[in-house]
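One point on numbering: in the numbering used here, the residue at position 189 of the sequence shown is 189, and numbering is uninterrupted.
In short, the hints are calculated from the structure, not lab data. Quick caveat, the model's predicted, so the values are computed rather than measured. One should not assume that every hint holds.
[Said to hold, decoys possible] In silico DSSO-like links for lysine-lysine, alpha-carbon gap of 27 Å or less:
1. 160 / 200
2. 29 / 115
3. 121 / 20
4. 53 / 20
5. 121 / 81
6. 200 / 121
7. 160 / 179
8. 5 / 29
9. 81 / 62
10. 62 / 5
11. 197 / 183
12. 121 / 179
13. 179 / 197
14. 197 / 180
15. 29 / 81
16. 62 / 115
17. 62 / 46
18. 180 / 5
19. 194 / 20
20. 52 / 118
21. 160 / 194
22. 183 / 115
23. 29 / 52
24. 194 / 52
25. 183 / 121
26. 29 / 118
27. 115 / 20
28. 81 / 118
29. 115 / 180
30. 118 / 160
31. 5 / 115
32. 81 / 46
33. 29 / 62
34. 53 / 118
35. 29 / 160
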Amino acid sequence: MAEVKVLVSGGHEDTDEGLKIGSTTTLIKTDQNIIVDPGALIDEQKLLDALKKENISPEDIKLVVLTHTHIDHTVNLHLFKNATVYLKFMGSYPGQMQVINKGLLIRKDLLEDTKIAKDVKIILIPGHSNDLIGLVIDTDEGNVVIASDAISNEGCADLKNEPNPMIVADVDQYNESRKKILKIADFIIPRHGKMFKVNK
1 MAEVKVLVSG GHEDTDEGLK IGSTTTLIKT DQNIIVDPGA LIDEQKLLDA
51 LKKENISPED IKLVVLTHTH IDHTVNLHLF KNATVYLKFM GSYPGQMQVI
101 NKGLLIRKDL LEDTKIAKDV KIILIPGHSN DLIGLVIDTD EGNVVIASDA
151 ISNEGCADLK NEPNPMIVAD VDQYNESRKK ILKIADFIIP RHGKMFKVNK
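Assemble the whole structure, with the sequences as input and the hints as a guide.
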């Protein structure tokens with residue numbers, strides 16, 4: 001079974017200098033080392049320090065998944081020069097995923113949930129953005145879902161809480177994606193905050 005470790009917890013803070021915002025960055029250990037959402041520049045050193053604690057160098061990461069192309073999720077991608085990168089970006093052809101490998105762009109079908117490594121699959125969870133994807137990881141404790149901005153904090157797991165239309169591209173899709181995640185997940189890693197258990 002795969003192991004999951006949150007390396008950097010996402011957060012946001014209004015400061016006099018501006019908004020400091022970063023995504024949650026997660027390490028998946030399976031038949032290869034996977035990073036999900038390498039995050040924002042303000043968290044680069046935190047990420048490097050967390051990898052060092054795991055005795056992993058950026059060169060040891062073989063796969064990076066970007067849940068979507070918003071800047072707070074993607075900037076530290078430059079650290080992982082040996083990794084194949086999976087993303088589904090807005091403007092791509094419907095039902096396609098882009099894979100960047102050694103500088104080459106490869107298009108693959110992504111019409112449904114898709115396995116990408118042992119015990120790891122990508123799920124389609126649009127709503128926050130049209131290109132949003134998440135991951136389901138099969139672990140000894142159950143299914144861990146990396147939900148990204150589909151469930152940005154534990155409060156978003158309560159379907160009675162309506163989304164903020166300022167940060168959601170399509171409210172109906174967003175609500176359907178939340179339902180999908182809650183049906184699959186035993187644990188959720190949100191965009192902000194710690195992993196939490198789903199009450200079934």
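> Of the hints stated earlier, which fail here?
Replying inline: The structure conflicts with hints 3, 27, 30 and 35, although it agrees with all the remaining ones.
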